[in-house]
Amino acid sequence: MTPSRLCFLVVLGLQPIGLLGACAPTLPTTSPVREARWLAQNWKPGERYWYHHASEGTSTFPIPYAWFMALEQPEVRLGGEPKLLADESYLKRFGFIPSPKQLNGGAASEYGYAAEPGSAKADLAAYNQMEEEVNPDGLPVGFARTRGYADPVTGKPLPDQVGLTCAACHTGHIEYNGVSLRIDGGSAVTDLDKLTKALGIALLYTEMLPGRFDRFADRVLGPDRTAEQTAALRGAFGETLKTLKSQGDRITSAIKRSGVPTVEEGFNRLDALTRIGNTVFAVDLADGNLDFDPFSNIAAITAPVKYPHIWNASWFNWVQYDASIMQPMVRNAGEAMGVSARVNLINPDRKLYASSVPVDNIYKMEQLLAGPNPWSRGPGGMPTGFQGLKAPKWPEEVLGAIDPAKRAHGEALYREICQGCHFPPVSDPAFWDAKFWTKPNNANQSYLIVEPKNVGTDPAQSDILQYRKVQVPAFLKVDDNGSCDGSSTPPVTQPHFANALALLWQFRRDGTR
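With mature numbering (1 follows the signal peptide of the UniProt record, and there is no 0) applied, the sequence shown covers -24 to -1, 1 to 489.
Bear in mind the hints are in silico, worked out from the structure with no lab data behind them.
Just to be clear, a hint being listed does not mean it is correct.
[What the hints assert, rightly or not] Using C-beta positions, here's what the derived DEER-type ranges look like:
#1 Ala377 <-> Ser234: 37 to 43 Å
#2 Asn80 <-> Asn153: 41 to 47 Å
#3 Gly235 <-> Leu3: 43 to 49 Å
[Unchecked claim] List time: in silico DMTMM-like cross-link candidates among lysine to aspartate or glutamate, alpha-carbon distance up to 25 Å:
#4 Lys221 <-> Glu48
#5 Lys327 <-> Glu23
#6 Lys369 <-> Glu48
#7 Lys382 <-> Asp404
#8 Lys232 <-> Glu183
#9 Lys369 <-> Asp404
#10 Lys132 <-> Asp404
#11 Lys68 <-> Glu86
Don't be surprised by glycine CBs; every beta carbon is placed ideally from N, CA and C.
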């Protein structure tokens, strides 16, 4: 579920003369919210807050955290106080959900976090994190501050980074009559394409518009900055833009050469698998001394889909819409790399496959989502069912009571028309009927199996992994089955995309298997 730097880089490939017009993305206006409410889904406020901002080691936006916080919005203002890109009200227009700087005090209730005094601190203690460290600058749900670390490619220290997390794409909200209903694990309504474009234009305006870089430097370095500090910042800023523009030009050229038309994504939709491949097998290879052009691996965006809900997903052996990934931890490692966790695929002098992905954090995320084993037996010997993050119930106090007659009619229609493919609701005891499940194996595991031929929808999303190939350096020793079954075949340099990803995700953070 996840964005990469592709759109951002493409934007920077545009000529500056075009960007000095009215090029900021057109955004919807937002309605006033008098109340925010997180729906009851079996999570405590502190657990929810940690999940919303826990770092996955990502650098989604390829600039330091301090730069992101200091940029102004991509507009030309003739007077008045400059508005910042990171302002809550601005990011909300891209569909992101506002989040408080901390849960202590009355302000948190304005964001729907109804916590008892002291309870959030206790909840967060399980994650070894102080409350004031979770979201110190009040960024939206799904934004995380990745603390500085050593780059796995070069070994050089990096400053704090800003990255997206699972929550950015899998947290939904509905606004009705001034009430914002917020849904953990639901489908996000964000437009990441527009955000990355806005960020690209904001960077260019910072370099080109009079006075804007000085204000930016004041925010990054402080008003007492020296001439030497300012010169160093300006140099780093210029080099960053130069690198990103070069990569953007190469991406644009690669897509044009492919002849494949790009499909627009937009609010609520993303072609995550294509973006992951473009990030890992093009952008992450860009600085390598290779005997091929890594941007030949770029693929056009062709299959944007709605972000799937993720409650209950931890207990399914095969996940994603196309059942392409056999293990939630693998899914999350891939998602982290797709939103630009750093990984060493180009420097054989350092540990290959080492990355910035904090496996301990994504494990805790999955534990929080999953809860205990749903097949543990309750009263009467029946499975206890899913006990982690649960689907929300209809909030009648906000959306109104459900008409019993219409509900019964809807249930009948669902059984008649939908249930053949989608199964009974997980809250229905019929979902656990043995006819839908395989017989338990020796580990008491049963499987719910859906035949792809029975799905009957547009196959574009599932075709991404089936047909795409990528070129990789020989020193990565990639085979063409991902070694998923423990066997080994001779290394290849043009493996199937799915197999190359499968191998990549088998490595620990330190590059060992």
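Given the hinted pair Lys132 and Asp404, is their alpha-carbon gap at most 25 Å?
-> 54 Å, violated
Please work out if Lys232 and Glu183 have their alpha carbons no farther apart than 25 Å.
-> 28 Å, violated
Pair hint Lys327 and Glu23, alpha-carbon separation not exceeding 25 Å = Measuring from Cα to Cα gives roughly 34 Å; hence the hint is violated.
Supplied distance hint 43 to 49 Å, evaluated on CB atoms of Gly235 and Leu3 | Hint violated: Cβ distance 32 Å, outside 43 to 49 Å.
Measure nothing beyond the straight line between the CA atoms of Lys221 and Glu48; if it is 25 Å or shorter, mark the hint as holding.
-> 20 Å, holds
25 Å Cα cutoff - pair Lys382, Asp404 = 18 Å, holds
Outcome of range test on Cβ distance (Ala377, Ser234; 37 to 43 Å) | For Ser234 against Ala377, whose Cβ atoms are near 53 Å apart, the range 37 to 43 Å is violated.
Has the hinted range 41 to 47 Å been met by the Cβ atoms of Asn80 and Asn153?
-> 29 Å, violated
Hey, Lys369 versus Glu48, does the alpha-carbon distance stay inside 25 Å?
-> Cα-Cα ~40 Å, so violated.
25 Å limit on alpha-carbon distance, applied to hinted pair Lys369 and Asp404 = 13 Å, holds
Taking 25 Å as the top limit, are the C-alpha atoms of Lys68 and Glu86 close enough?
-> 15 Å, holds
Going down the numbered hints, you'll see the structure goes against 1, 2, 3, 5, 6, 8, 10, while the others check out.
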